[in-house]
Amino acid sequence: MTMKLIVKSIFAHRAQSAALFVEIMIVTVIGWIVLEPVAIETSIALIPSNYDYDRLVSIKINTLGKSSEKYDPEACSDKDAFYRLLDMIRSHPEVERATLSAYQSFESGSRAMSGFLTDSAYNLDADNNGIGTNMIQYVPSTDYFATYGIKTPDGKPFKEPVATENSFIVSETLAKARYAKENPIGRNLYSYDPTADDEHPTPIVGIIADTPYRKGEGRIPVAFRIITEEMLGWYVEGLTVRLKEGVNPRVFVDNLLNDIDHYRAGNKYLTHPILLSDKRKEVSADTDRQLTQKWIILAFFLVNVVLGVAGTFYIQCRTRTADSGVMRAFGATGSDIRRSIIGEACSIVTTAWLAGSLLYIAYLHIASVEFEYDTMRIVEILNPMWYDAEWSRLSIIGGLVLILLIIATLLGVWLPARKISSVNPVDALRDE
Amino acid sequence: MKTPGFTLLYIGGVAFTIAFTIIYGIILYGQLGPVYPEYDRNSTYYINQLVFKTDNMTMTTNLGQPFIDEFLRDSLKSVEKVTAIVTYYSDYPMVQTEGRGPEFHIEMRATEPSYFDFYKFDFLAGKPFSQEEFEAKDLVVAISDKVASKLFATVEEAVGQHISIDHVKYRITGVFREGSALCPDSYGEAFSPYYDRIINRGEWTDRYKGGLRAILKVKPGQEELLKKELREICQRINAVDTTISRFYIPKTVSHMEHVLGNGEYRAGDDEMEYLVTKSPNIFQLGRPFIIALLVILIIPALNISGLIGARMDRIRADLGIRRCFGATKANLLRMVMTENLILTLAGGILGLVAAWLIAAFAGSLLLQITPLDYSFNGSFSKSASFLTGEMAFAPVLFLTVLVLCLALNLLSAWIPAMSAMRRQITDSLNSKK
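Order-wise, the sequence lines are chains A and B. 1 is the number of the first residue of the first sequence in my numbering; add one for each residue after it. 1 is the number of the first residue of the second sequence in my numbering; add one for each residue after it.
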């Protein structure tokens, strides 16, 4: 009976209902376009790091230019300067641990990737049997893993193994990708590219829990390789410091900035201390900004939906008030009337959402739009996410769009519905 | 005003749309319009890269100073001025305060004296570094008023003093009024000669390759001649230099292309041809913005159209009575459209004021919504200004508000008003129950 009333009412106000229908259909399509990247990128950004970056501070090591008065042509070697700076910062009373960090390290703006062959047990074709990996360099025996607080796959602190120049510590997904059944420790990784310089097999000496290289990097595995002493000057970017429990990292950075002139060794000096959590935000600033833009655009259209729904129903208050008076005179309660009005708004929104969604999905298929967030096949097998399969992605995004539209609709229709339903039937009938 | 609910929703809806659009407009104007110190954007062109191909390798580099001196400076007939600046933002230089407070980061750019002739900086004290200082490789710097006020009591006091940047002491030659970080080609908190930052480090002393980009001011109407001259340079180099199999200049872009192109169009195999024939025009580059603007306008227009449609139903009887007394359809249409235009203009003014307030109190946050991210190749210091008064109060913005209001009015009111006019007088009178 209520449904029949709703259909009759929509038909009676068909001009306004049609305008609202078209508007919501367009907003649905925009909702799909905006929400898909927002939902997927937010999921990727939420993949947890396997280290605690809250008490970590990154400090750059710079070199004095020859035009500086402080430049010393007879200064100690780069290697000695790095280790002296490391010792100086370790002796700071608020520092728990410190290590040297390379340009290719966690939360870095730059990165180096390598590809490795996967296990034939996965039966992947030639195009898909590789796994891209973010390479991280570290200086052995400098407390690197303990400073970052890196864990093993079963959650225990990772103990740095003895490693050589030609060995890898890898994250769990990479280890499993190469060795589906055997224990990977001591076994070799092979380059995916047979023409690559490093095609020779490289043994795995340690496995850590999966962790993104930096925010937004998703499920791409990581592999650690040591920096030899003679290459320190090329690869070391600065220091990473873990502060003691209870130390306020921002106060530590502010105090260090006041005192940083003292941290100099040879021609190297410390500069630009920054919380790793801030560096993380800096590195992902572009992606975050694009996400914010998308949210703002979506918010603009949702506010318009609220205004559109409110306008359509508010302006009909007077005519609907008379109808409502008649209904109430015949025994309908205020909540019956409110339900009928909200039902009417929701019916328009749901139908428009359905039409808009079908339009968008048809466009995706007709225009053969490629899915932007495709990842490596082996990663999808070992570490699946909700958006890998098309059916689950479409259902979840479509559902989210509908939920947002319904919320906007309820916000818009609530006041007019209350106004219409609270009228005194005698007053309404007298106006009639 | 008989229907305050309608008036409120109508004006509110229009204001919301106009505010949203104007904020984009302010940002766009800041990046494209003639604002301090980039007043000649209409005639500004950029050469960012050179490409060298050998049989087995393609190398893309920035420009070297010898290339700029030999081939661009004083030898292009189509060009009035040439300057050069280091392409990248420096590697996070810090200012040492020597006990006067914590170290702080500044955006330091490396350039040459002609830069200050190219961009019209206001020097509040002192002057830019001179050609003599540049050639003598002096350690000199021009700093912004904001940096000067952090370190010295007055801007006048700063001139002649020294500032320690990355432990190198520079003599301050002048203090300029800081521009907007929305203009990355001219934004900086300190400018020093590139001799120190690049040449002294032994980088890029090649005849062609280097770390610079050239900025050209083209004479009026000489854009085609510029392209012809650049092509001749490529042909000359290709004919003489046998060490490279092919040399070309892949991108020579106007300021508009530089901003709107957003790095999306790239040269393919026919870069030489691209230079001559395939430069995208403003409509191609601006298409995403035009589509975005239309979508942004269509949704509120639909909203307002729905509102007006509902209101037309209510005043249909009044319209019938007026028509009985001799009012023509044109009279009534004019009446309805004018009434809506007044409401739309009220919404427009409210939206403009709201946009100004947002720009004044959340200027840097606004950059979150700009789709133009060509400028963000550096991390700006926290004190950087983005939106300035000349951007927010540009006359073109007032015109835009007016055009948007007219467009909204036409888009939203025309159809419901025409539909109401088409009804028979008797039908209209009968609608009054």
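Just so you know, these hints were derived from the structure itself, not from any lab. Check the hints yourself; a few may be wrong.
Footprint (simulated), chain B over chain A, 3 or more residues, beta carbon under 8 Å [claimed, not checked]:
1. 182-192
2. 205-211
3. 262-272
4. 302-313
A quick note: this is a predicted structure, and the numbers were derived from the prediction, not measured. Here a beta-carbon is modelled for each residue, glycine too, at the ideal position from N, C-alpha and C.
Against the structure, the hints:
no.	hint	in the structure
1	182-192	violated (count 0)
2	205-211	violated (count 0)
3	262-272	holds (count 3)
4	302-313	holds (count 7)
When each numbered hint is compared with the structure, violations occur for hints 1, 2.
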